[in-house]
Every structure is written in C-alpha cells, then in structure tokens.
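This is what each chain is made of:
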Amino acid sequence: MPDPGSKALLLLAALAASGAGLGWLALAMDVHWAQVRGAAARSASQVRTLRVLGALALSLSLALCLRADHPTIATLVWVMTLAAGALAVAFALAWRPRALALLVAWLR
Amino acid sequence: MFQSLRLSMAWLHTWFGLVLGYVLMICFFFGSLSVFDREIDRWAIPETRFAPQTMPSYDRMLAAIFPRIEPEAEELDAARARVGGPLPAELPVMNWSAYTTHRDPVLALFAEFAVTNNPNDPYDHVHGHVTVDPRSGAVLPHDRLKIGSEFFYPMHYSLHLHWKNLGYWIVGLAALAMLAALVSGVVIHRKLFAELFTFRPAKRTGRSVLDLHNLTGVVALPFHFVFALSGLTIFAAIYLPVGSTMLEPLAMKHAAIAAEARGLAFLPSDEKAPLASVDAMVAEAKRRWAARGMPGEVGFLHVNHVGDRNSHVSIYRAGSDRVALVGQAVHFDGPSGRVLHEEPPQAPASAINDFLTGLHLQHFEHWLLRWLYVLGGLTGCACIATGFLFFVEKRKRRHAAAGRSGARVVDALGVTAVTGMVIAALAILVANRLLPADLPHRGGWEEAAFWGAWLLAFGHAAWRTAALREARIAPAWREQCWAIAALAVLAVVLNAATTGDHLLHTVAAGQWPVAGVDLALLASAALAALAARRLRRRERAVADPAGVAGTTDTATTEAAHA
Numbered sequence: 000m001p002d003p004g005s006k007a008l009l010l011l012a013a014l015a016a017s018g019a020g021l022g023w024l025a026l027a028m029d030v031h032w033a034q035v036r037g038a039a040a041r042s043a044s045q046v047r048t049l050r051v052l053g054a055l056a057l058s059l060s061l062a063l064c065l066r067a068d069h070p071t072i073a074t075l076v077w078v079m080t081l082a083a084g085a086l087a088v089a090f091a092l093a094w095r096p097r098a099l100a101l102l103v104a105w106l107r
Numbered sequence: 000m001f002q003s004l005r006l007s008m009a010w011l012h013t014w015f016g017l018v019l020g021y022v023l024m025i026c027f028f029f030g031s032l033s034v035f036d037r038e039i040d041r042w043a044i045p046e047t048r049f050a051p052q053t054m055p056s057y058d059r060m061l062a063a064i065f066p067r068i069e070p071e072a073e074e075l076d077a078a079r080a081r082v083g084g085p086l087p088a089e090l091p092v093m094n095w096s097a098y099t100t101h102r103d104p105v106l107a108l109f110a111e112f113a114v115t116n117n118p119n120d121p122y123d124h125v126h127g128h129v130t131v132d133p134r135s136g137a138v139l140p141h142d143r144l145k146i147g148s149e150f151f152y153p154m155h156y157s158l159h160l161h162w163k164n165l166g167y168w169i170v171g172l173a174a175l176a177m178l179a180a181l182v183s184g185v186v187i188h189r190k191l192f193a194e195l196f197t198f199r200p201a202k203r204t205g206r207s208v209l210d211l212h213n214l215t216g217v218v219a220l221p222f223h224f225v226f227a228l229s230g231l232t233i234f235a236a237i238y239l240p241v242g243s244t245m246l247e248p249l250a251m252k253h254a255a256i257a258a259e260a261r262g263l264a265f266l267p268s269d270e271k272a273p274l275a276s277v278d279a280m281v282a283e284a285k286r287r288w289a290a291r292g293m294p295g296e297v298g299f300l301h302v303n304h305v306g307d308r309n310s311h312v313s314i315y316r317a318g319s320d321r322v323a324l325v326g327q328a329v330h331f332d333g334p335s336g337r338v339l340h341e342e343p344p345q346a347p348a349s350a351i352n353d354f355l356t357g358l359h360l361q362h363f364e365h366w367l368l369r370w371l372y373v374l375g376g377l378t379g380c381a382c383i384a385t386g387f388l389f390f391v392e393k394r395k396r397r398h399a400a401a402g403r404s405g406a407r408v409v410d411a412l413g414v415t416a417v418t419g420m421v422i423a424a425l426a427i428l429v430a431n432r433l434l435p436a437d438l439p440h441r442g443g444w445e446e447a448a449f450w451g452a453w454l455l456a457f458g459h460a461a462w463r464t465a466a467l468r469e470a471r472i473a474p475a476w477r478e479q480c481w482a483i484a485a486l487a488v489l490a491v492v493l494n495a496a497t498t499g500d501h502l503l504h505t506v507a508a509g510q511w512p513v514a515g516v517d518l519a520l521l522a523s524a525a526l527a528a529l530a531a532r533r534l535r536r537r538e539r540a541v542a543d544p545a546g547v548a549g550t551t552d553t554a555t556t557e558a559a560h561a
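Protein sequences, first through last, are from chains A and B. Quick note, the first sequence lines up with residues 0 to 107 if you use numbering that gives the first Met the number 0. Quick note, the second sequence lines up with residues 0 to 561 if you use numbering that gives the first Met the number 0.
Okay, chain B solo, but in the shape it has when bound (with noise of 0.2 Å):
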C-alpha cells in the first residue's frame, strides 16, 4: 500500500492524530487542570476555602454521618431499569468508606447499597455520597458543583458523555491512537537527537510550527507515553471488563478466595452486631506504620458489612510521600476491633499497577512535581495544537486553489478544540460567580455555560475561519485570544468581586489555592493576549507581504492552553 515505512507511518500519524486528536486535546486539557482540581474547587465553592484536613474521629462524628447518606436518584432510576420494576423501599447499606489526601479540607463520604432484588445480578448495587466540613461535621450542600473535581476531572476521562460509558471508550480509543502516534512520530522524525533543541521562530509557519510541534512531542515523550499508557491501565476493566462478564464466576470466587485468605468475611453473616471503637482501630494502624518505619496519616478508610458480626474495617496510609495513592492497610474484626490482617509488601505485578495508577493520580505531596506535570501537559496541548496548525499549513493554498475546505473545517474545528474550549473552562467559572448562590439545580446551570460557551466558540470558529478560503490567516484566533484574556480577567474581578478574596489579601493570608487559581487566570490572560497582537501582525503581513515579515505566531498555541 505504500512504499515505505515512513511512509505508511506518516500516514497513520497525520490521519488518526487530526481524527482523534480533537479528543486528546480535551484529555490533556482537562487533565492538566485536574492537577490542581481541589484548588479549582477551593475556587468555586468560597465555603470550602479553609486549611486541609486530616481524617476525623470516626467515633465522634463519622459515625453519625454515614447512616445520613442517601443513594444517589439517577443510580436508583438505573437500579429500576435492571431490575424491570420498583425496588424495595430500604436498601440495606453494604460498605462506608472516607477518603482524604493533603490537599483536601472538606472530606468526601461514601456508601454502597444492595439492590436485593434483581434476579440477574445477587452483587448489584448503587452508590451514594455526601461531602462533609470535618471542622464541624455539617454536611455541605449536595448540588454546589466541584468544578475541578467533578467537572474538569471527569471531563478528561469520560468526556462526560455517559451512555454506555462512550466517553471512556473514545477516550481509551484516543489513548491508544496517542501511542501510536508517538511511535508513528519517532519513525518520521528524520532527525530526533540533532534537533533535540530546535524551534525556529523566524523561520515560515509551516516551519517554525513543525519545529515547536517536535519539540514538544520529543521533550515530553516520556510523560506522554506513559500518561497515555496509564490511563489506560487505570481503565482497564472499562475496556477490557472479562471480570464483569465471561469470566465473572471466575472473577467473584478470586474476591472471595482473597478475602478468606487475609480472614475477611466475603459475605455478610446476617447477624447484628455494633462495631468498636473505630478510633482505636485507627490508633492501632498508625502505630503499626511507624514501626515499619513510614508514620502517616488515613487516607481511606473502609467499613465492610456494616452492622453485620462479619463486619471489618479496613484503615489505608495515605500515600503523601509515596507515588502509589494508598497502601499500607491494616483490616480489623469490626465487632471486637482486632486486627485480622496487615498487608505484606507488594508483589512486583500490583506494586507496578499501584506506581502507574498513583503517578497518573497524583496524590502525593509535591508541589514541584504537580507544576511541572501541568507543563507536561500543556506541552501535550502544544504538540496536538500545532500538530492542527501543521496540517492546516500544508495543505491552505492547495484546498483555496482547488476550491476545496478541508483545511478551513479542520482549522474552525482546531480553533474550537483550542481557543474554544479555554473559552470554555473560564466561562464556567465566570459563571460559578455569577449566578445566584440559592439558584436551584445551580451546579447543572454551570454546565450549561460551559457548553453554551463552547458552542458559541464553535460557531464562531466556523464563521470567522473564511478567510482560509483565500489561504490567509483565520481571524478567529486572535478574536478567541481576545475572549479568552477578557474572561480570565473578568473571572479574576467576580472573584474579588462576590467573595472580598482578591489576590493581594490571598497572597498576605497564604491561601495559595485561591492566589493560584487568580494568578493562573491572569498568566493566561497576559499570554492570550500577547498571542492576539502577535497574530494580528502576522495577518498584517501576509496581507501585506511587503510590510512587516518575519514575526511569529508560535505564542499562539502556548497560550491558547495556558
């Protein structure tokens, strides 16, 4: 079919990187955001902006909060369906479970329940969950949206496109087209080593694009490829689900045959009986990691059976100091709070699992790490960006001569996938401030802003990418650089605005989540709109090739995801 394998690899690169990498643009977009989703929290619920803290006295106050939890009324309207009628009127909670790391002040609580009748299915069951202020124990209002961590965060995952889990599959499918692009882009770069450093700004566009395009592919390879890889791995049962399905027997007797071998009960004994002291149980653990020599505090904390004489409690070290989340756990009889198991050191196989989930998850205290996985990202978005503007370079003139509008689609949707989505993001929060705090449904109201927005973008990016059709510039670039740099603006002012937590009180008080946030917007801000001037000389010069030559637009694509 070609005639050589660069050949043949140039073409995988070029086709499936424009098709899906529309898709990994949201990925690292979003995922570069996730690094800081608790501060963008932080950001967006002003009632949560307190000092993080570590997990409460179960016995004093989780205690009371967990039978409080409801199961959540879209899983219930799910529930109804499998099982083809209505469902019993209580659901027997199955497990409680708490978990916290060092960048979270509020703690989020969660629960399972049995649903007892569906013939098809005797584990069946759904989940609920509440966010509690552990200061004081007061739950926190259900539909506050946590932009950053239930919003940006799943967003580049599951693209928060929920039927049959299609988000995951596209996400996975693009996961899986970035290696091959990576390994695809190596075998076509003639010169990998002796360009190592090369970007060439002055060079033409077509140039000095390809430079930076791979620069940021090369530099960052490592990150991408396993940031690609673990993301699938993390996702493995998603796409790979043989435990959920042919092998299931197979996959339940595992579970059980584990419990046993640590002495947990796989089922419920249907006995009652209370539980002891939490608290001393969790006493217990952290005594036990700092004879192993690593002190620490919870991080998750698991009540299996509640209420059942099988009941267990498993405590897990938070992994600050360590890439793998958690670990480290100790499981105690839940009637008499002895200890029935501490986990030995792990096996090579899970202790390489842990190491690619945890660095993919970050939950570990390293803030030198977490900004420099933020670069990687946006590093990410540079390579895909110009990889957009590449393919678009090559190929204006030919499609304007011809009469064709490959290159004007691509262009309107890559200003879509570029601009477009930080248009996105910032109205969101814009909105997050704006809109009444008693608002019902608020959260829902902010998402439709986020959409909304973006297909503002995408209009606009389809309108004003005309002057392709003559090959020039598309002025949709610089006029979405001028709407990102006044919305990061106006985010940073309905901050101070609506909460009085503007930048020079938040510096002096140290609150570093919320000065973050603002000094992040207003980075975008400046690089958006250095971009926007850049651009307009750069279409002042192909109007006008006689004046002005030689300037770049290479900012462009840095700041378009800053």
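Only chain A is shown next, with the shape it has when bound in the complex (with noise of 0.2 Å):
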C-alpha cells in the first residue's frame, strides 16, 4: 500500500481521469458539444478521438484506484467516482458549459 500521501494524490488523479473521462464522452454527443462550442463543426474522427480518450481516462482511473487502495475497496472507489464525475459534468453543461472546453481546447 502506497504512503498516505502519495494515496492521496493517487485518488485526486483517478477522480479528475473520471471526470475528464466522462468530459470526453459527453462531448462527442452532438447536444453537449453544440453547448460547450457552439456551431462550430468537428468531424467524425474527432468523435472518434473523442470516445477513444473518454474510455482511456476511464480506464487510467481504475488503474489508479487500484493502486491507491486493496482490490476491494478500489472497485468501489471507482465506480463512486464515475458518478461523481458524471453529475460535475451534467451541471457544468447546465451552469458552466464554457468550462468544458478547457477539455477540448487542443480541437480546433
């Protein structure tokens, strides 16, 4: 088991891969996308792209759990995590959608 620490931080990783993660995912459905850039257009490889890297922070963040905590708890860890993510994301669209766009500021 990592140093109280370093868990900490482990844990402050895997929660913002959560949220970027479920960032991404949101933003390669049209609706959020039109929220957080407005008209402009993207194509279908930057969907892609999209998906791809929403699953691969998803992904990284289980790793990270797992190394912060026993098998166990990790799992719960993380799927808490995910629907921590999912509601900061839903009411950034609602409130802040501008905010997310920090997520896809390397799209032009």
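Please note that the accuracy of each hint is not assured.
[As the list claims (entries may be wrong)] A few chain A positions that, by computed beta-carbon distances, are all more than 12 Å from chain B:
| id | residue |
| --- | --- |
| 1 | His-31 |
| 2 | Ala-39 |
| 3 | Ala-40 |
| 4 | Gln-45 |
| 5 | Val-46 |
| 6 | Leu-59 |
| 7 | Gly-84 |
| 8 | Ala-104 |
| 9 | Leu-106 |
[Said to hold, decoys possible] Quick partial rundown of chain B residues pointing at chain A, CB under 7 Å, derived from the structure:
| id | residue |
| --- | --- |
| 10 | Phe-196 |
| 11 | Phe-198 |
| 12 | Pro-200 |
| 13 | Ala-219 |
| 14 | Pro-221 |
| 15 | Asp-320 |
| 16 | Arg-321 |
| 17 | Val-322 |
| 18 | Leu-355 |
| 19 | Leu-358 |
| 20 | Leu-371 |
| 21 | Leu-503 |
Source of the hints: derived by calculation from the structure; they are not laboratory data. The beta carbon of each residue, even a glycine, is placed where N, CA and C say it ideally should be.
With the hints as a guide, bring both chains together as one complex.
Listed below in structure tokens is the structure:
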C-alpha cells in the first residue's frame, strides 16, 4: 500500500481522470458539443477520438484506484468517482458549459 | 391490463415510488448521515471529543469492566413476558465482546445473559452494553444518547418502530420497491444514454425536475441498486427467518457442527475455569496476521462461555483496509491460551456476503469513499424528492381545476418528508446542546424534540400547501428552507457557546469530527437559504407570469437534504 500522501494524490488523479473521461464522452455527443462549442463543426474522426480518449481516461482512473487501495475498496471508489464525475459534467453543462471547453482546447 | 410493458412499468414506478418513496427518503437521508455517525456522536457528547483509540488491554482494563455490565431493563421486561413469570435473580453470563473501528474514541462492550427458565427456548437470552473511555477505563453515563450511531443510524433501517420489528419490514419492503423502481425506471426512460448528462434548469419546472430525477437516478444507479440490495441481505435473517422458525433445529445443529469443526465447544461444560492472559492471545493473533502479510489491529474481541472450562476467545482483525468489516479470526482456548483454530481464506459465497455487508456498513478507513457515499445517498434523496415534485407538477393544474386535493396531499407529505425531515434532524442537535447536562432521561427528551419538530413541520406543510388549490407553488417549501437555515446556524452557535469548540478552534486543533459536523451544518444552511431565495423568485414568477421568468427551483431539491 502506498503512503498516505501519495495515496491522496493517486485518488485525486483518479477523480480528475473520471471527470475528464466522462467530459470527453459527453462532448462526443452532438447536443453537448453544441452547448460547449456552439455551431463549430467537427469531423467523425474527432468524435471517435473523443470517445477513445474518454474510455482511456476511465481506464486510467480504474488503474489509479487499484494502485491506491486493496482491490475490494478500489472498485467501489472507482464506481463512485464515475457517479461524482457524471454529476459534475452534467451540472457544468447546465450552468458553466464553457468550462468544459478546456477539455477540447486542442481541437480546432 | 396495460397496452405495453412501458405503460405497466410506468404505473409501477409512479405508484410504488410514491407510496414507498417517503420511507426511502428516510432511509437515504439518515443512511447518508450514518456515514458519519461516529462524528455526529462526538458532536453530541462533548466528553468524547478525543482521538480514536485502539483496543485497550483486556487483562489490565476490560477484565474488570465486563463483569459490571447489567442486562438492559427493557430486555428483561420482554424476557419476563416470554417466560410468563419472574426471571431467576441472577442471569448467567454467556459471552462478552468488544467492537471498535478506526473512528472510535470510545469503546462499546457487550454481554449476553442466558434466560435459563424459558421452557420454549433453551437458547433464550438478553443483552447488556456499556461504553467506556479506553484511556482511563471509566464507564460513560448510560443515558447520553449517541445521536449518530444510536438514533440516526437505526432510524435508517428500523424507523424506530420496534413493535414486532415493523420498521424493519417496512424498510425491507421499501428496499424491494427501490429495486423495482430502478428496473422499471430504466425501462420507462426513453433515452438512458442519450440523456445521461442532460439537465436543463432553464426549462419549465416539469421538464427540469424530470431531468434532475433521471440524472440523479441514472448516474448513481449502481450505488442505489447495490445499497438497496445489500440492505436487504444484511437483514435476510429477519425477512426470511427460517433459521429461527421452521428450520431452527437444523440451524442449531449447523452452528454446533461448525463450532466443533473449529475445535470450539458449542456448549459450556458447567465446570469453572479461569481465563488465561488475553493480551498474550492478542499478541499471538497480531503475529499471525503479520506473518500472512496483513498486519493489523483488533476490531472485534469475543469471549464465549465466560468463566467455563470450555471458554474460548476469538480475536478478529479490524478491516480498516478492506471492505469486509472484520476477519482473519484466530480462536484460542480460554483456560490454556493455546490456538484452537485460525480461520482460512473464505469460500466465495461468504466472501461475497461479507463484501456486500461491508460495503454497506463501511467501517473501512477511506475518507474519500465515505464522502462519495454521502454524495451517493444525497443523490438518492434528490432522485426521490424530484420524483415527488414531478408527480405534483404533472397533476396540480388538473387537480386544481377539478377541485381535487390529491396533488396537495402529496405535496404536503413531500414537504414533510424532505424539508421537514431535515428540520427534525436539526432539532435533535439543537435540543442536545440546549437541554441541561444532568437532566434525567436526557436522551428521551432529545428524541422527543426530534419527533415534535417533525410533527410541527407536518402541520405547517399541511397548512401552507393551500396554494396548490390554485395550482401555485406551496410556500411551505420556502418557509421550511428558512427554518433549516436558521436551525443549522443555531446548532453551530450553540455548540460553540456550550462547549467552547468553535470552528476556529476545532479546525486549528485538527478536531475534524466536530469541525466537520459544524461545517456541514453551515453548508446546509447556505444551500437552504439559496434554495429559499430561488423559490421566492419562482413563486413571484408564477404569480406574475409577465415578470421575472426562467429562474429555477431545482437547487431546492439538493439544498433540502444537504
């Protein structure tokens, strides 16, 4: 088991990865893309990239959870970070959609 | 009966959700508070505001305290009723046990006493318990109510309705309805994935409330499902009591064989023998855990057949770093102190059962997961509350036009179950700080404040939902939000005034249990005030549609149960 300091960092990173991953998955959907980037068009390959990125970030989050805790606890933490991340993304889309533009700043 | 699966599921979801939603609201809200039950205990009993302690020495401390435990008076009364006459003057002790977790400054000790003269049940017994300060061995006064672990926590699974275990049955039925509501909810939700992240607060109330209902229901779906399910499995022995009814002889035989297989005597020998050093047994158990690559502290210590030649001592490792509560038991022979049996790794079925129980009861050491559980629980509350709001929103105009009171009744009960429940929970905290320290039956008065406040909130809700007759927003919601804000701030102020542990002090000293409760109270007050202001705007907009429009009352549902 890692020491408490690095465990906290791992968990923080896992939370962030879950949030970002769900953010990317949301942005792969047309309505949410429009909420964040307005009418700006994007290609089918960009949509695919967003989905892959989202899936990778969620897997990374699970890996980080498994590094931080015993597997029994890690799976619970991971599932709950998904719930927290999805709520955060939904509320950001509702009240501060532009904040999510950060996640796709690299997409022209 | 219905034209399609979707329609029949919608009917099920609406009506089961409505009727049992009030119970589920209680389960989810007090369940969420139970995540921090120990911390609420520290807030409520200022004498116990010190750091968590490990299991103290048995030989030097606990051995002298256990014999002082007396059977509970109400359990004795119940036993007299079962026996149908007086009990023997002295009930023999069957076993002693002690349970602690990484969050417990004080230690709970338990004892079971045999009721020897019940002709119908040779295993009849009653319980006793005390709480001790493990630093000094002092026994704490019995009538200080542990509001977190002895009131909020049992509230969420028994509703404090103890007659024939009625509360357990209602909660079990509600948990079953929850599972059905989740499945039927998924069936009737047309765009589960397409609208996973959808919340449109600017749309009309009916739409935005339904968005929030779907959002909170879906994102925490695994949490809702697993908690309803594990809640049922934890009390499986109450809901399916075959082991204590039809199959009791078989269950007893099984217990006897299981004990014999471990080399543990199932029955006492009726021959007295003193106990060897328990501290030496604890040291041996810890050595064995370390040898298995999982060093740890004692979570549960159990002495069976106290004082008998057949006595044995079982020492369980605290599951702070695992999901299961305790485990890796090592059993010792009482009189000689030699190891009788070391529990091997579990079979899959009992490991799954321990996982489900452990994930629900959460005695592990993981603060992030603890907070995520609170989030999950409050998400459940928001889901149920928005369900009520949607029910009312959909019907209020129709009912107002037809002069029917259905929507109003549901709204009044909704106010009582949402904001009224929070008011009751705050009232018990305020009463805890206001009542004199030496008041006899102090805990009983605190509980009376809780139920009294809830009853008042119900009365207020019934009165102030008259606006529904004109299909307007009931002012009861807004007024109770203000009551929540006021009571929460009052509780924080009273804590500072009566104990001197104000936030500056508790935060600086790292007294997080107390500081955390205070901070959560202030956050609830802020959210409730915000919700009240938003509701005010909404009410005005409805009364004067030409004026301000497009504001939202969706913050209410969250604020209401923070």
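Comparing the hints with the structure gives:
| no. | hint | in the structure |
| --- | --- | --- |
| 1 | His-31 | violated, 6 Å |
| 2 | Ala-39 | holds, 19 Å |
| 3 | Ala-40 | holds, 20 Å |
| 4 | Gln-45 | holds, 18 Å |
| 5 | Val-46 | holds, 14 Å |
| 6 | Leu-59 | holds, 17 Å |
| 7 | Gly-84 | violated, 9 Å |
| 8 | Ala-104 | holds, 19 Å |
| 9 | Leu-106 | holds, 18 Å |
| 10 | Phe-196 | holds, 4 Å |
| 11 | Phe-198 | holds, 4 Å |
| 12 | Pro-200 | holds, 5 Å |
| 13 | Ala-219 | holds, 5 Å |
| 14 | Pro-221 | holds, 5 Å |
| 15 | Asp-320 | holds, 6 Å |
| 16 | Arg-321 | holds, 6 Å |
| 17 | Val-322 | holds, 4 Å |
| 18 | Leu-355 | violated, 11 Å |
| 19 | Leu-358 | holds, 6 Å |
| 20 | Leu-371 | holds, 4 Å |
| 21 | Leu-503 | violated, 25 Å |
Comparing the model with each earlier hint shows violations of hints 1, 7, 18, 21; every other hint is respected.
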